[in-house]
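Residue numbers (this note's numbering), protein chains in the order written: chain A, 1 to 392; chain B, 1 to 135.
Hints in this document: simulated from the structure, not taken from any laboratory.
Warning: the hint list may mix true and false statements.
Calculated pairs, DSBU-like style, for lysine-lysine (alpha carbon to alpha carbon, straight line, at most 35 Å) [to be verified]:
(1) A:Lys166 to A:Lys47
(2) A:Lys269 to B:Lys117
(3) A:Lys2 to B:Lys117
(4) A:Lys306 to A:Lys2
(5) B:Lys60 to A:Lys202
(6) A:Lys38 to A:Lys190
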Amino acid sequence: MKTPASLKNKIAIVGVGESDIGKVPNMTGLGLNAQAAKRALDESGLKVSDIDGVLTAYSFTEPYFMLGSVLCEYLGVKPRFNASVVSGGASPAVMLKHAAEAIASGQAETILVCAGENRATGLTRDAALSALLAVGHPYFEQPYGGSIPGYYAMIAQRHMHVYGTKREQLAHVAVNTRAHALRHPNAHMKRAITLEQVLEAKPIADPLGMLDCCLISDAGGAFIVTSAERARDLKSKPVYLQGIGEYHTHEHLMCAPSLTEFGATESGKTAYQMAGLGPQDVDVAQLYDCFTIVPIIELEELGFVKPGEGGAFFAEGHARIGGKLPVNTHGGMLSHAHAGAAGGLFGIVEAVRQLRGGLGERQVQGAEVALVHNEGGILSSHCTLILANDKG
Amino acid sequence: MEQNTLPTPVANADSKPYWDAARERRLVIRKCKACSQLHFMPRHLCPQCWSDQLEWVDAKGTGTVHSFTVVRRASDPAFTALVPYVVALIELEEGPRMMANILGADALEVKIGDRVKVTFEDRGDGALLPQFQRA
Ligand SMILES: [Zn+2]
């Protein structure tokens with residue numbers, strides 16, 4: 001296969017925004033997107049008329065046909081470049097890649113990337129869980145009563161079987177990310193949790209309990225991407241894309257080539273190669289964490305630790321702010337917010353903020369290079385990106 | 001357990017022979033005539049070599065538990081009354097993996113690597129769903 005053309009230093013993220021997060025019953029999903037978009041645009045100092053491209057993902061609570069067009073209509077934007085990307089949780093990183101490609105090839109100059117839904121209050125909890133059933137194969141998985149937590153639980157069991165990963169190590173991921181969320185003013189979760197509380201939480205699908213599973217939030221997130229050239233004279237400190245790569249191996253768990261080797265290795269390799277960087281150069285990582293097993297696997301596949309060592313890395317505290325590699329400094333999807341594609345998008349928002357600096361007790365000191373990994377489906381679709389606050 | 005509330009197999013053009021065979025208590029999988037590769041999820045062409053010359057072959061109906069979970073909170077309300085129950089990925093003797101429940105009195109004691117054999121669960125109107133039990 002041919003190496004993808006480099007997108008290094010071609011584009012920058014110049015504004016990021018989060019909507020109000022948690023239970024926000026007075027707002028629609030589109031409203032949450034609009035609020036996040038407005039905050040991102042304000043931060044960049046650009047005007048609405050500067051936006052000539054818009055990318056969004058999907059919504060379970062407001063399942064419009066042509067969501068990309070619907071969002072533009074709602075925002076009053078008439079772009080030359082627009083699409084709805086449906087790669088599940090990988091969508092935000094994939095959207096950044098599409099945005100970078102469009103800007104690098106001159107199809108657009110300034111693109112709004114936006115996602116989110118009112119998943120906490122726009123659907124009952126049971127309706128939200130039922131809607132997510134659609135991730136299972138309709139004919140060969142759903143008749144067996146599987147669930148998204150159940151599919152990830154099978155991956156966790158296999159990891160524990162092959163590598164000896166411990167139940168307690170999974171729980172440490174949840175405790176770790178909650179501690180970070182408490183340092184974030186807009187995180188959905190506001191109370192500390194202990195290891196015992198994670199281990200004793202309501203069981204969902206062995207070995208995963210309630211606190212091993214991501215939140216269901218009302219939330220929208222957005223970022224503004226523009227050319228590196230245009231970014232220079234804007235009011236915010238630009239954060240440059242250094243490398244980005246995708247890899248897709250399956251959708252349904254029954255078709256996964258392996259339960260211990262996924263596509264993050266390949267997506268990471270492409271991103272590192274483009275950036276000319278390796279795991280040792282990364283100062284902070286925002287890893288998709290829909291379930292506690294997932295960031296453990298991603299740490300391993302992205303080369304931060306050897307296969308089987310991800311659990312111990314979390315348990316030993318290396319993923320904490322101040323540790324060897326702080327992971328999910330905003331609190332991740334386990335404690336900051338999860339609302340459809342917005343979950344992974346907040347990893348990008350947080351990476352940008354860490355690279356700009358000035359986050360107080362949440363700041364990773366001296367952060368210059370950040371890695372973000374998004375995955376969608378059942379570890380099916382992967383996209384890794386590397387950002388830096390300097391062109392390097 | 002109210003069997004008729006559980007999902008009934010839905011056959012389509014790709015899978016009708018699979019579900020017809022299940023009604024005869026046979027587990028069948030796809031085999032490519034060009035490259036001999038076996039696969040589980042039925043489709044129009046071989047995912048290995050894209051040949052459209054495929055046949056159905058009888059699987060032995062034995063395999064091992066590749067992984068599993070005990071579901072303690074069902075997402076699908078039809079399964080709420082069944083918790084705790086086991087959902088597993090079975091690696092068939094022939095190689096391909098498929099999803100199924102582990103049924104039987106000792107189902108909750110299942111471990112990765114356990115040998116299992118196919119059984120068929122009545123889902124109403126003569127429709128049978130391939131399932132597994134510990135061998
Ligand atoms: Zn073939």
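Any of the earlier hints contradicted here, and which numbers? Violated: hints 1, 2, 3, 5.
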